[in-house]
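Given these sequences and hints, build the entire structure.
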Amino acid sequence: MIYKSEFMKKEVCSFLRRCYSLLFSPILKLVCLLLLGLSLQVKVMAGTYLQDQPLSVHVKDADIQSVFKIIRKQSKYLFIFSDENIAKVKNKITLSVSNSSINEIMDACLEGTSLTYKIVDNTIILLPVSEQDVTAQRISIKGTVVDASNGEALPGVTISVKGSKQGTISGADGHFQFDNITPPVTLTFTYIGFSKKEIVVQDAQPVIVKLSRASQNMQQLVVIGYGTQKKQDVTGSIGTFRPDDRNSRPVLGPDQMLQGRVAGVNISGASGMPGGAVRVSVRGIGSLSASNEPLYVIDGVPVLPHNAAMTNFGENMNPLAELNPNDIASIEVLKDAASAAIYGSRATNGVILITTKSGQKGKGQLSINAFASMGNVPNLHKVKMAGSDQYLEVANEAIDNYNNQYGYTPGNSKFIPYIDNPYPTLPETDWLDRVLRTAYSQNINVAASGGNDKSTYYISGGYQNQQGTILTNELKKYMIRANVTGTPLEWLKTGVNLSMSYSDNNRVPGSNLGSTIMGRSLPQRPFDRPYKPDGSYYVGGTSDLVYHNPLQILNEEVAYLENYRLLGNAFASVNFTKDLMFKTSLGADVIYTHDYIYYNQKHPYGTGNGRNVDDRRLLTNLLIENTLSYQKSWGKLRSEWLLGQSFQKMTTSTSGIDGNGFPAPSFDVLASAAVINDASTNLYGNAMESYFARGNFSYDGKYLLSLSMRTDGSSRFSPKNRYGYFPSMSAGWQISKENFWQDAGKELKLRFSYGATGNQEGVSNYAYQSLTTGGYNYDEKSGISVTTTGNEDLTWEKARQMNIGFDYSMFRGGLNITLDYYQKKTTNLLYNMPIHATSGFTSITSNIGSMLNKGLELGINTNVNFGELNWSSDFNISFVKNEILSLIGNTDVLSIGSNRGLQVGQDIGSIWVYKMLGIYQDDKDVPQPLYDIGVRAGDVMYEDLNGDGNIDINDRQVVGSSNPAFYGGWNNTFRYKNFDLSVFLNYSAGADVYATWRINTERLGYNAFNNTLKTVKDRWTGPGTSNTTPRAIYGQGYNFYNSSRWLEDGSFLRVRSLSLGYNLPASILQRLKMKQLRIYAQADNLALWTNYSGLDPEVNSSMDPRYIGEDNLILPQPRTFILGVNVSF
Amino acid sequence: MKNKFIALLLTAALGTSSCSKLLDVPSHSAVATNTLSQADVEAFLIGIYSRVQNAPGAQSYIMFDMVGGNLINAGATSDGGLNTFISNILRPEQGLMSSAWNGYYSALYQVNNLLESTESLPESSRKQEILGVIHFFRAYLYYNLVTRWGGVPVLKVNTAAKVPRNTETETWEFIEDELELSMATAPAYMAGSFYYVSNMSATALMARVKLALGKKDEAHDLAETVITSGYFQLDDFENIFRNATNSESIFTFKNATIESNTNISTLFYTYAHPVKGSYVYRPTMEVMNLFSSSDKRAAISVDTYGGLNVINKYPSGQSGTDPIQVIRLGEMYLVSAEAGGLANGLDRLNELREERGLGPVSPATEDEFLDAVLLERRKELLAEGFRYYDLVRLGRATTDIGLDDREVKFPLPMNELALNKLLDQNDDY
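Those sequence lines, one after another, are chains A and B.
Number 634 in this note's numbering belongs to position 634 of the first sequence; there are no gaps in the numbering.
Number 39 in this note's numbering belongs to position 39 of the second sequence; there are no gaps in the numbering.
Errors might be hidden in some of the hints.
Derived EDC-like pairs (lysine to aspartate or glutamate); straight-line CA-CA distance at most 20 Å [as the list claims (entries may be wrong)]:
| # | chain 1 | residue 1 | chain 2 | residue 2 |
| --- | --- | --- | --- | --- |
| 1 | B | Lys-421 | A | Asp-892 |
| 2 | B | Lys-379 | B | Asp-236 |
| 3 | A | Lys-142 | A | Glu-152 |
| 4 | B | Lys-21 | A | Glu-792 |
Please keep in mind that the hints were generated in silico from the structure rather than gathered at the bench.
Dropping the structure here:
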């Protein structure tokens, strides 16, 4: 670190010297004085029309600077001039005017000098006359915009006059006109799907402007860590997604937006509930620890991974759902180490850079996006349950089998009698139908943007109301954003990106809670009923009802999750020279959460007199960041340098109170609770200090090299292991720029990179310390207890990743192929390692081993015109293989959870259970130890690995994995005249789903739960009747041990979205004074092809990579139909 | 510009000097263990009560009722599946096996930790008292371990090393040694202070231990010492189990709602009950039929609500937690009776029965007497964690409730076996 500090000191010194010399440079001398104290008070949002302000000047033989001082006292005008120009104003000024305009006064002052002036906003710039040709004549400019490829007129092209606020739009025939223009001027042409073009117009000759279709690729700017880079210069592996009208889906957060879009990024949701957590995995499983999420950096602010909810209400909630996806301009996924290493210790699982929209110079724009949707739960026929008759048949068969097996006859105390339908005359209950509904949603988003040479703005507001498909589940979101930049001085740029949001999610219990709605509806007995004849509830867990009454759960609880979020940054950048820039930035992500659950006295969890759990949290994530960037060319060698420092501190302050005893359900705050069961507050956090540097080199545009280095110091590690170093290098070769490359229509670039990244998530804030914690109280006396032993040796998890790839493009950008191969080896894996309990603990956070991810990613992008039909498509496919290489010398399986194991040579997510071989067809086949515990013909035959006749933990084996062999997405957009049609597919193959929900719906008479119809039909009833589904047997759990019986292939192909849009023709738009009006109809999740027997193979009961791919009857993703409109003015 | 200089200088200063200190982010709810001093011993002692009370989990307090035929899964429509219910619990993969094992050992770690700190204190009477409490808790934890699993690793000091099991005899010897130490130095009982460990707690637990070991004379004498100490008197169940002042409790975990998450009550009540519970276990029909109409314990012990049978000893349901009786006088009467045999014990049995509203019994033989004592224990100590081990220690588990031979010991939890190869599984699991 000493080395680093020295280094910084040196930098700072040279920086200060430069500032000093700038300060005393003649140009800025006066400006500085004038600016003192005003530097940041720049109004950029709206032009202030100072010209109208009356001014009075009374001077005699004064110099011009005194006149300026007088004006400044009366107004907010700033003056910019050079000493050399001032020297040109020799004559003394005598002037006496009142209530005059600034122009009158300036004209009078400068009369007869060789100077003139220009007013830009509230700044008056003195110029020599030669720079402003006062005699220039005003002209009209006419022209036509056409498509360069076919010469057809392009309507709706935005044309602006550079350096002024003038702008127009081309008409239906591609025609445009400007009047009253002083040549020469530069006209800028921008049009979606086409490259921006600038032309200089000298005279009034009509112009024909040819726009070429954007070869989307090579000239595009790609956002990289702490900067941007032209795509052609990128040497790392970066995936980009730019949402637009045609490829957007109705999503809540930016992570969902990425689903299926970028090779190497696998995204799956927790459930179909609004606001549920989303699992994002970049290039496989990077870490063993629970947090395996990529680092999200939103407008330069790394945000804190967390669960948006505080109380367990059955599933984790997604913090990114609090943001407004409409504000997103682009999402970049930094996949390889070389591009991600600049984010050092948090980059092992990839980095996702989210850039929000900003205003563009030129004419302002107002855009409105609105849609309404309706959705429902698809594929319910797949979980058809048994009817009353079938239910009773199985239940009584199970009882018969039990009684017969043990020889119990009526009269014996262990004899079990038959059951029957208590309501034979009443209709059956369709429990799912009683809790599910068609969900309606509305969304409206309004954005205004614009700018001029000095400033840009983007201001948006959005409202979203999304219902869930379970009754009462509803998420409302209110979002505003302001992104503003201003250039008050030639050398200074400042700006803020600020978003505020409020979301209010009325939640229903998810699949990991005892009151889960899906899990408590489906397996109910078919003849049971929710309401008694008197209107009161049948209560679950009694003889009336097997499980919780889901209607009682929904009606008698209020559970809402509110999140207030302020996310943004303010920055200032100083250009010392054209090539040297210093940028300082303050970022903040502040989230206030209120997680509220109220069970009234009628609720099963209502303690009989009402219970309220009220949790609140303030998350504060503050960032200070300083970077110095410099570029320099030596002949053909171009170089870009970056030096930076950042300090980030994350603090969490929580409070939670749990009370019960309310006088009536209408009292729903803890002020009226009789008993406080639990009340506590807490405060914790961590901090990180970082230094980073990068150099990008390019020789002749052909040979590219990028080097970066980051060091992070984290408070989570002991002072001796506090700092981690994360270097990287990447190189590229633009082969197609070599002389020997003949074909101008084809481009090829080779890339290679290698680097190191780290991970510190998954380690608690104080894991290295042995801690003694308070709160272990007894009899109202405070007690303490040793809670962790600590591990001083704890250090960074480190991943080294090699990436080799190429970008190939042919047909002048009509077909683009990107292929990458990578190997990522993670060492010092951080893990809460299970240890023998006699040590006093059950786990200790350690660096336990290493693992390898290998993968191949292919992206193919096409853009082809067939006459008037344009077809563009993006296809991507990713293959990844994960393997555990070592677990501190341990080759045994580390058992985790109830159905998983970690073992060297296997992948994380391996399903480690008994292997079902079939069904015993004859009692004689059953080994004695199993016979002794009641196993008979018709029961499941598990593989007895060690041959001891018994089935125990030693017989467990890896039978599958929840990691897919390959996955990806394919988006197709067809455009014909004013119509556009998009079809977006995503798919995954080879991942297994562990269907724990079936353990509850295929019990076949074990207890009172109902069974799926399929199980009832398939069950074993005698030798040869089934080799897959066992017999019905009362009270014996042997048949539903965790085994491959519950393992299913989760491969799927999904029509993620299908949309049809229509753009109003330009002729109508002009009459409506609109730039664009598109109406569209869209279907989300329209079709799903899979062999999985459950509702949705893509949902997960846990986001932890070790346990993914488990379905415990999770609410599936809804099928949604949308009608929407995009309007812009 | 000057403003910016100041800002720049500040950031530069931040970058070069102060950040390293900013990386020391302390915890506010905990302190580094090495910063603790001798003055913290009393707080640690309170922490021990909390940990021993909470660590093993609610089911551990009624485990011997669950696998002893007093309870069955609440969803069972008849008692026919009792043995299947028990066998499903006594599996190495059962979470209840590991939660109890892990809980007892994690509590033991705290106890051993405190022992180390306390031994370094200068001699004082308070030091001796604290040591007495520590030795009681070690004995209590090992009593729970040995009655479940037989011989277990006996850790006299904490160790991170993997250790093999001690023999069952060694484990019992350790318990006896610990209780000797505790009886000698634990704080003297003061009236009403049954939420804390005292010399009476140690004496009573020793009586229980001696009875388990078949050392009947010692058991009898120790039980009589407690009964005749003058501190305790048999009391009404309404007082003992409704969180009232009572004269019967010898040592009770206070288990205050705000200090605990050990809620036994919700396991017993239904969601339809006024205080609500999740109705996991219900008493078997045999249990429901144990109590005669005059038995004053009946209403507090069991109840029928909405047609469903429930255990009624822990009244709070979801609305809170209830004290947990560890040792009370009723048990001492029954220990004294059993240890005394027909000749010396019948009086104590009948005294207890009379107090509970029942007439005297007059068994003719030792066997009949033992049956009578066992029956009384079953009624008196229902849902307090005794039944299974009563049957096991008397060798009656397989005959009385039809347990498999292996089921007289619990299986060691699967994960513990996988993590420590030095441990052997109990036979036939």
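Please list, smallest to largest, the hint numbers that this structure does not respect. As far as the earlier hints go, not one is violated by this structure.
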